[in-house]
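Enquirer: Please build the complex by placing chain A on the supplied structure of chain W, with the hints as guidance.
Taken in sequence, the protein lines are chains W and A.
Using the working numbering, the first residue of the first sequence is number 1, and each one after it goes up by one.
Using the working numbering, the first residue of the second sequence is number 1, and each one after it goes up by one.
To be clear, the hints were calculated from the coordinates, so they are not data collected in a lab.
No experiment lies behind these values; they were computed from the predicted model shown.
In this text, a Cβ means the ideal position worked out from N, Cα and C, and glycines have one as well.
No incorrect hints appear here.
So the derived label-pair ranges between C-beta atoms look like this: (1) Pro178(A) x Gly135(W): 29 to 37 Å; (2) Pro82(W) x Pro46(A): 41 to 49 Å; (3) Pro82(W) x Leu96(A): 53 to 61 Å; (4) Arg164(A) x Gly122(W): 47 to 55 Å.
Listing some non-contacts, in silico: residues in chain W with all C-beta distances to chain A over 12 Å: (5) Ile33; (6) Thr43; (7) Tyr156; (8) Ala171; (9) Ser175; (10) Ala176; (11) Tyr244; (12) Gln261; (13) Arg404; (14) Ala522; (15) Glu545; (16) Glu578.
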Amino acid sequence: MLAYIATSVRRKLTFVMLGTAVVALLVTASAMIVYEARNYHQTWVDDLVTQADILGKTSAPALTFNDPKTARENLAALRLRPLVTAAAIYRPDAKLFASFGGPDVPDLLPPTAGIEGYRIEGNQLLVWRQIRENGQLLGTVYLRARYELTKRLQSYLVIVGLAMLASLAVAVAVSAWLQRTITEPVLSVARVAQQVMERRDYSLRVRKTSNDEVGILVDAFNDMLAETDRRAMALEAANANLLYEMRERRSAEEALKVADQRKDEFIATLAHELRNPLAPIRNGLQILRMSNDVVVIARAKDMMERQLQQMVNLVDDLLDVSRITTGKLVLRKGLVLLQEVLRNAIDVVRPLVDAKQHTLTLGIPTADMELDADATRLSQVFANILNNAVKYTEPGGTILVTARLEGSTAEVRVADTGVGIDQEKLAHVFEMFTQFDASIERTHGGLGVGMALAKQLVEMHGGTITVHSDGVGNGSTFVVRLPVGVTAVRAAPLESSEPRKSPSKRVLLVDDNRDFVTSLAALLQLEGHDVRMTHEAASAVTVAESFRPHIAFLDLGMPKVSGYELARQLRAQACNSETVLVAVTGWGKDKDRQMSREAGFDLHLVKPVDPDQIIDAVRNATVAH
Amino acid sequence: MAVVLFLAVCWLPSSSHAQSTAEALTSERSVMAEYIYRFITYAEWPAAVFPTAEVPIVIGVVNADDIAAELEQVVRGRLAHNRRLQVRRMAPGDPLTEVHVLFIGREVAPRFFQTAKLISDRPVLTITDLERGVDQISIINFIQVDGRVRFEVNVAVAEKSGVRLSSRLLTVAMRVRPG
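Looking at chain W on its own, in the form it has when it is part of the complex:
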């Protein structure tokens, strides 16, 4: 019962109210019952005493004149009082004078009289009153009546009980009505709290209906919900953010892993591809050294040149990739004819096409298609695409090259009847280091950078490159779209690809890497420059004094004396104060450039240095002396 009441505020309130009411009613009822008992007793005793006195007074003459009959008649009037069960009058000598009552009266009458007062025997009240007149004792009146205190209290209890029940019923009704004003807001708080717990919905609010403490509770509860809601939202947002970041990181990791794997594969391939031409070249060298046969030597030279060219191509590709990724590739744009570019590219792949006995068909309009582009790079793009087509087509296949003008866009299609490309792999064609068929790549050589390079070069030209294939065995088509340049000044076709002759200059190369210096010197000599080289700073200073170079390439990271120190020494020479000093270093940060500038360098080249950069630098060096 108590546990049942303890689970509900409403029941507790009801219990408290009813408990209070019951206690109050019990106290009241007890007081009333006690009062009633006393009152009944006193009233009844007084009543009987008075009755006895009246009887005594009335019966005094009868006693005076010894008239029991009259006394009996007086007593007989008591029949009007049913509660009086017996009555009697005694003479002063305690002898019975007259009596009243039923047949059992004689037994009920006390044997003697004389005392005055009352006594309660069980449920009977006995009263004695003396009769006096003129100070003379005439006799005694005796009355016996029912004393129904118990019965009366019982009926009184019943009435009080009924009244209590009625009061409780009213109290229940009233408390049910009154407590609603208190419990209803509390219960609504409890309901909302439970809903919040069940639904985890912190946007719920309790409606405020009062301004008392419960109202304060409601406000506090709502504020708490709002706070919790805010925090939950923040947490959720943070979680979502975290989840997103985790996903990003995971995909980044995945990409890194893939890239890492590609790089591993690439390095393996690269090593392989770099190693491959070396054996034939070594063989060729051996032939050159041992044979005197002119034909054999010529064949060996051809073979060696081919192998070397393949290596050069590889390394060029690598350098291009490196330049593009480091953002160092600069397009030397000019007005070029698409026809010339294509022809140039075809010339590059012609030996391969012939070797595999492919049929190369051209569909190029005769009208000039002018582009603002880097002719060399664009040729490289199409050479790569064609090279790819040749490689991935079985011998005796057909390669179709078509070009047309579509508005301001020049479209070039290279279609082949080759192995085609799986739909799933189409998307990866232009990714770096992608090789679809390792065996084909092995036989033809390649690092999987050709198409990636092509794509990046096309995009640098503001164009697009796409690939289509109807699946494995159905060949593939590469489409290159390039914007047609109309504002560019027409330049000599493919002029940029030809080494331009420039005035001969004195060039000093200082580097402890002998091979690099030697090859670079050969290159510059081919350009017609006067080149000197040294491998250390000390000799460089001596040479420079007499040679007085127009331009000097100094390696910064030399032993003993650093490039910086050397630069200062050279600048200190009066004859070389105007010499263009070029720093060649592996360090390319702003700080490094700052340092070289402070040391007196005019240019800062970062290894690996593109021979073109060297050539350009020499070409641009002003001939001051």
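Expert: Only chain A this time, still in chain W's reference frame:
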């Protein structure tokens, strides 16, 4: 006839009826004397008859020495209405002044009332013991009922005399003649 009956009644229960009769008579006289005293306690006189507080209530007894003797015994040392009581033996011709209560013996009573008619106009409580059936000329008349002394009251005479009787007295009277 009455005598015969009286004898018959007395004869049967008692062996010495003569002695009993004498004792009963004495007892009857003493009861009467006592009753006379008690009548006084239930009666009221006009204030004029008692000029002072010392004036006693005078009980005149005419031609009834036995009653007078008993009365003298009864009133000795007793008061009524806070007054002393005085018994006066009187002859029929004696003046009735200063008498408040008058008991007249049976033999002289009829003649007494004839000769002293004026007595009814005076505030005197007249008491007789005349036999039943006789016209009541006194205020109170003793009668015998079942061997016990009872009395009857003539309210008319009482009113005429100026003596007021308590109604409570009337409740125990054997008979009350209305006024």
